Amino acid sequence: MSKHMENQKFYYDNKIVKLFVIATIVWGVVGVLVGLLIALQLAIPGFNFDLEFTSFGRVRPVHTNAIIFAFVGNAIFAGVYYSMQKLLKARMFSDMLSKIHFWGWQSIIVLAALTLVLGMTTGKEYAELEWPIDILIAVIWVIFGWNMIGTIVKRRVQHIYAAIWWYLATFLGIAILHIVNSFEIPISLFKSYSIYAGAQDAVVQWWYGHNAVAFFLTTPFLGLMYYYLPKAAGRPIYSYKLSIIHFWSLIFLYMWAGPHHLLYQALPDWAQALGVTFSIMLIAPSWGGMINGLLTLRGAWDRVRDSAVLKFFVVAVTAYGMSTFEGPMMSLKSVNQITHFTDWTIAHTHIAGMAWNGGFIFGMLYWIIPRIFRTELFSKKLANTHFWIATTSILIYAIPLYWAAVTQWLMLKEYTPEGFLAYPNFLETLSQILPLYYIRIVGGAMYVIGFLLMTYNLFKTMAKGSVENNEASEAPALVLQGERNPVRETIHRWMERKVVKFSIAVFVALAIGGAVEIIPMIFVKSNVPVIESVTPYTPLELTGRDIYVKEGCYTCHSQMVRPFRWETDRYGEYSKIGEFVYDHPFQWGSRRTGPDLARAGLIGGSMYKNAAWHYNHFMDPQKMNEQSIMPKYDWFAEKDINLDLVPKKIKAMQTLGVPYADGFSDDAVEELLWQAQLIVDDLKASGIEIEPTKQMVAMIAYLHKMGKDIAAPIPAPVVSEDEPAHVEEPAAGDEEPRTTKEDEPGDPDVYREANKVETSEEKQH
Amino acid sequence: MKIVSNVLENIDGIQVFYIIGLLIFVTLFLVILIRTIKRPNKEISDIKNSILKDDDSDEINRVCL
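Residue numbers (the working numbering), protein chains in the order written: chain Z, 3 to 767; chain P, 5 to 69.
No lab work stands behind these hints: they were computed from the structure.
Keep in mind that this is a model prediction, so the values were computed, not measured.
Be aware that one or more of the hints could be misleading.
To be verified - Short, incomplete list of chain Z residues facing chain P, as computed with Cβ under 7 Å:
#, residue
1, Phe49
2, Phe51
3, Ile247
4, Trp250
Backbone N, C-alpha and C fix where the C-beta goes; we use that ideal spot for every residue, glycine too.
Isolated chain P (complex conformation) (with noise of 0.2 Å):
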């Protein structure tokens, strides 16, 4: 009993999916490197300073570090 398929078994030049996954991961790269960067700025500092802005008081801060 083999427990893999046999799908596959036979195939010539593997090297497509090393070249295929490199295409994939550049192209997305390139496509979310442009989008972050026209994000405008103010939407930006907006949810960058919302992590200064939750319950902890000042007060704790001094206290504790």
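Isolated chain Z (complex conformation) (with noise of 0.2 Å):
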């Protein structure tokens, strides 16, 4: 059956494309200001401005999140819209969608700067956006997602170029992984916890986090490369079938990498093996697409010469082979223990963030934005300068925190010839490293400044051009081919016509990795053993955790220590998996720029303070330690806990299977002022006043709950003619309550028998 195929006329949408461009450049600017301000804070205290807003902890995630969802996002988006239509020769599928797409996603990075500087966090690392903003990221990805897979289905193109794979893994790849991690219970509107616990949810949480990388960071980028580098070079990709195994290969296993962050740490072996191991395999489809990517310019070498784009893409794509080859070293455990907690993961990840992400960004807006303002680059002598700047800068950043990280990892495990370990204070090592972060911000100032040098060309560009916001073409419509003829289609090509069944395909792939590694963990009791002693946070210690969480401790302060002596030595015994079985989220931490933090409520070990100790510190750390860089946290001795949430925060522990006693929400308040009073008794025999309600005593309250559970005396069940209907499981409140010579005043385990269990009358005071 022969057809006359007429050419169909029809328009690409430009204006899309210039709207994602406008945005990348501007939160990209944002992003790399907080970036700088963050370095600022780490060498030089006085850079949190003593403000509960631009504290670290809270400051750090707005970078985070603008780098990676504003700059990058928006990015990812403009390469995708303009490639797409070119690649298809179609429209997008809907205008509609297009606008929904743009607006929903910028709304959604204005409120997490709002909700993140407010201290409105899940407390998990990428993922701190709280439960309203999560279900507005899933409405406009599936929004995204619909508009690419609808122009997909209307192109006028038979085969899908390879680009396109890449865009439609990012877009499954994402949904399942934003999906999964964000299952959490609310409790108010910008408050919720993760239904996830301690390792299951460090599992799940860096699953996410690790395929955040695989999935937003570098198959979107792969993607793009397919067409920006073939497109600026004027060269086919050197091997169209190499693209074709490493793309099934990198989507299968990268999947089964998160573990990496784990090693070590609190989790099954079989876990943390499965992650050693398909990391390493991961360096053969990572580098398949370093070589497609470098040798396409074989023959064209002498173009990068003249071009900012194209050494911006050289560049780009040579660090992400260094960095697809360290991440793969960083997981083998023997490296794994000097690099992790330390700035070796900082510098790991900054090289591919500025490098491939930034360097090949900046080379595809040097090369789309000419285009579409259908006009010369403003300035070429300023984009070379701007490449020259930019690349200095990373290595000018990178290598003093590699050089940080071997040292402090030397300290931290040097002993002396009798044994003892040769600087027990953590923050000697902090101080012999400082240096570094001063060399740092001067890394990162230089990015910064290339960055400006950039946007200003760019707009400058713009200034000079126009965009023709329906861009006009022509191409016949697609005949469908109907039926796969085995002669002389494979079936792979026969699946590359078939996007939707190509995208379930690519599904499968991806969900066999997560499902693999989380449901055991999650169903499987064994991989989890109970330790009995471990009881649930009490009302006030949740607060107090809640406010961790909130002011993001977590993103100095680790609390795993792990199996090494030069470890337990200097933090005590190494965390067990059992004793962050309440822990929702989980807050084993990525960093140590401040000491581990999982023993501090072990009186007699070497972490505990004095809760006059904490208030002081937490009032003025310099005070306490000179050449501390901690912020200042002197809000918690004038700001009030919310006391209407607190039955509240019971309920939802309880939902999530914390063995807390039936109607104990009911009693929480008065639970938590009778343990308040005790803290503030302590502080005032110490000559500190301050009122039961007020923050500080609540995290007083945590940190002195913080890892001593194991070492209390397991309960024997008590017989009392006192005893309720209902008891409570073993471990839960009938522990006898603590009388050794370690008890200080306002220790909060000789309430522990009144707790959960009997009434209000039968507490003793």
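Take each chain as given, in its own frame, and dock them per the hints.
This is the structure in structure tokens:
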């Protein structure tokens, strides 16, 4: 059957590309400036400005979210919307969806910035945004996918070019990751608890976190690389066959790599082993991408000399190769021992982020903007200057941090000949590396300057040109080829025509990795051995924990003692998986700018400090430790906790399976005030006056809870004539009160026998 | 109330899932590898070069780099 194929006239939507491009630049400036601010804060605590809204713990997530979702996110959309239309010879499926996508995404960014500085956060890295924004993200993301898949369906080109597979994988991957990791129970408009706890939360979080790197920072950029690099170089991709093989390998393997963030931590060995193995295997498909990118320039290297676009692309792809080798190396347990919790991780992420993502975006912007504005770039010289500044700045940023990581690790693990830690005080290691943080500021500042040069250059370019919002084009309609002819078409070729089936196959590949790692952790009880002496948080401790999450304490402090002698000698016994079963969310931390706090509550332990010390330290850390870079938290003494939320918190926790007694939420506030008074009395004995409802009291209670339960006596059942009808499970309320010498005034353990089981009349003061 | 179900609570030898996952990957990898290598080069070349034949004229390429 022959068809006379007439050309159909249609229009490319360049306006949406323009919008996303402008958003990329604007948010990029914000993101790098906030990055510079936090770099300053890490060397000079005065840059916290003594305000809660500008303290490091709150501002650091603003930087990460601005860079990842605002800068990189808008750049992805700009690149996708431009390339997709050209590759498929079709306008985007729906102008309405395009607009909703754009404005919806910008709203998310604004809400993110506002809520994060106000301390509304889930406490999970790169997933800090609270539940209403999570829902908005899901809606906008679905709209993006709908728009993309609709465009593919109405395309005029038979073959779906490689770049689009990557865009599809991005859409599907992020959809799965975001939804699964964001399962949370709200207790108010901007506060919720992760349904996962402890080690399970850790596994889900880092499955998400690493795959956010995979499906937000890698797959879309590989897709963009497959379009923009050949276009800029005027050469076809080196090996299309390689692109097929490394695509499927990468999207399958990446999903398993998450546990490499949790090595030597309270996670079952089998889960850690999976993470290591698949992380190493991931080198191959990642390098497939790098090879394809770099070898595309065969015969065109002379063009790199004169082109800022190609220079940025070359550095980007090279940095991608470096980072995807470094990452797997950091996934080896022996290397991870050194790198985890140190600045090595920061160096690694910033080389990848600044060179691969940033560099690629810069190249892409320098290519797209003159194109859609139909004019020459304002200044090629400025673009090349930007290139040299950016590349140099990345080295000045990263090299000091590698130095800092190794220095700190060597100091932390050094022993005297007598067998004691040579540097028992964590702060000594921080003071030693502080000069390197100053150099990092220089590197970061240079990167910002390059960014501003680019912004000037690009806005001048836009000013002297104009966008044709609807660019005319024509192409014949697609003739559907119907059934697969096995003689002429492989299954893959056939699948490439069938976008929905292709998408489903991608989804299955992605889902397998997540399912294999997460489902056993959640459902198989033996993976989380119960420790009987570990008790749930009291209402006051829970309130304190929520403040810890709100202030982003986890951005500097870890709660995970690893099983190395040089760690257990410093912090106490290594952390057991069963200690975290009530932690919604987990707060193991990724970075030690300050010491680990896992055993901060163990009286007599190396990390224990009394209530008065904590009070003074929060009020002015530099008074207690002159070289500390911790921000002041003096508002803790002024601001009250929200008592109305307390019963809701207990109820939410009960829903999540935390074994509080039935009806405990009704007594929770009274319980809280009772425990708070003990701490108030303790502080009064040290000459400090404070009311029991202040945040400070809750924080002290939380810090004094941390890590001591494993040293508590295993409870024996207590038979009492006043025993109520419903008795709690063992370990939840039948403990004998502590009467050891270590008890200090105000020790909340004294009240534990009354906690959760008995009614208020039976409580003894 | 327990949010998650009681299925799979007592499975021994959970490592089998690890092995199954690896087997699925290796099988698929080999199949995709062999089929891809066997694809005719002409077909591949057409697809690769298609990207250079879309609407953008060469003139713009020279001007804007």
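> Once the shortest beta carbon distance from Ile247 of chain Z to chain P is found, is it less than 7 Å?
Replying inline: holds, 6 Å
> How about Phe51 of chain Z: closest beta carbon in chain P under 7 Å, or not?
Replying inline: With Cβ-Cβ at 41 Å, over 7 Å, it is violated.
> Does the interface hint hold: is Trp250 of chain Z within less than 7 Å of chain P, judged Cβ to Cβ?
Replying inline: Status holds, d = 6 Å.
>> Just to be careful: measuring from the Cβ of Phe49 of chain Z to every Cβ in chain P, is the smallest value less than 7 Å?
In response: Where the cut-off is 7 Å and the nearest Cβ of chain P is about 40 Å from Phe49 of chain Z, the hint is violated.
Of the numbered hints given earlier, the model fails hints 1, 2; all others are met.
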